[in-house]
Amino acid sequence: MDESEFIIEVSLENKPAARDPVAETIKRDLIAKKGYDMISNVRSGQYLRINLLAKSENEAKEIVTNMCNDLRIFNPVTQNLTVLNVKKL
Amino acid sequence: MKVRIAVLMFPGSNCDLDTVHVLKEVMKVKTDLVWHNHFKERDYDGVILPGGFAFGDYLRAGIIAAHSPAIDEARIMLKDGRPVIGICNGFQILTEAQFLPGALLQNDSLKFICKWVNLVVENNKTVLSNKMKKGEVIDIPIAHGEGRFFTDDIKELEENNQIVFRYADEEGNVTDASNPNGSLGNIAGVCNLEQNCIGLMPHPERASEAIISPKGTTHGRLFFESVIEYITKRL
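Quick note, the sequences are listed as chains A and B, same order. Numbering-wise (my numbering), the first sequence opens with residue 1 and increments by one. Numbering-wise (my numbering), the second sequence opens with residue 1001 and increments by one.
Calculated directly from the structure, the hints in this document are not laboratory data. Virtual Cβ for every residue (Gly too), placed ideally from N, Cα, C. Treat the hints with caution; some may be incorrect.
Output of the computed footprint for chain B on chain A, the stretches with three or more beta carbons under 8 Å from beta carbons of chain B [stated by the list, open to error]:
1) 6-20
2) 49-63
One-sided excerpt, in silico: chain A residues whose CB lies under 8 Å from chain B [to be verified]:
3) Thr78
4) Leu84
5) Asn85
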């Protein structure tokens, strides 16, 4: 099967048990103060957009997930990794 | 003295020369500053990963340095019982390399904190604390943005006696007010199960000469004396 180019977007965020002072500050000192009372929670994180060649969406996702595990792109002690989107170019 | 210690230099290290200065000029130990890609474990009895911002703290503090070939060399030292010490950024590198448990997160204040604090010694059997008394209060500075120690199993660390230092008040009481960065359990330094690898956020190399200590203390020397004592006994 021919390889195609994919873009995969992943996010890294602190696990719920690890406090997230960046998001707490955004919520407490900006959102809540400006009256957005309907906002109940905010979490911050990091975002990576990765281009790669793969034979299928599934393979692309598998390569990126394995790479993130192998290289500790996210720290499993404190963070969760989420694949947000996989797009074929 | 036969003891030979390496202080590693990563791109972005900035406490390397201070650490070398104290080891050479204050402790009178043979010490080399070694570029991380050139480090060979066979030449040394112990290694120190100094403070700074290795690889600019990109992605996460310590993660890129944790993939350096120096870490493979240090792993050999770790396994045969030689001291592997991480100070500040070095501590972050050692947790990312999984030599040590836990992780260091951004301070809960979101600010870089640079000030003198007190530590209380919880485990004085380690390579870095054998010259201290259990419960002794240590006067020492911290300087970090990501020093909030986190682990998902603090009980395991306590049961295994892996918590070496905690932030405390001047009397050695572990209180919320004496916790500078939100570290879980006020933890300032931890060791591996074998107690030859330790990471700590405070800077012993900045607390080893009275002239730069606000209270005139030199408690930082106790850390280096402990390492030297441990190595000397092994030689």
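Verification of the hints:
no.: 1; hint: 6-20; in the structure: holds (count 5)
no.: 2; hint: 49-63; in the structure: violated (count 0)
no.: 3; hint: Thr78; in the structure: 5 Å, holds
no.: 4; hint: Leu84; in the structure: 18 Å, violated
no.: 5; hint: Asn85; in the structure: 20 Å, violated
In summary, the numbered hints that this structure violates are 2, 4, 5.
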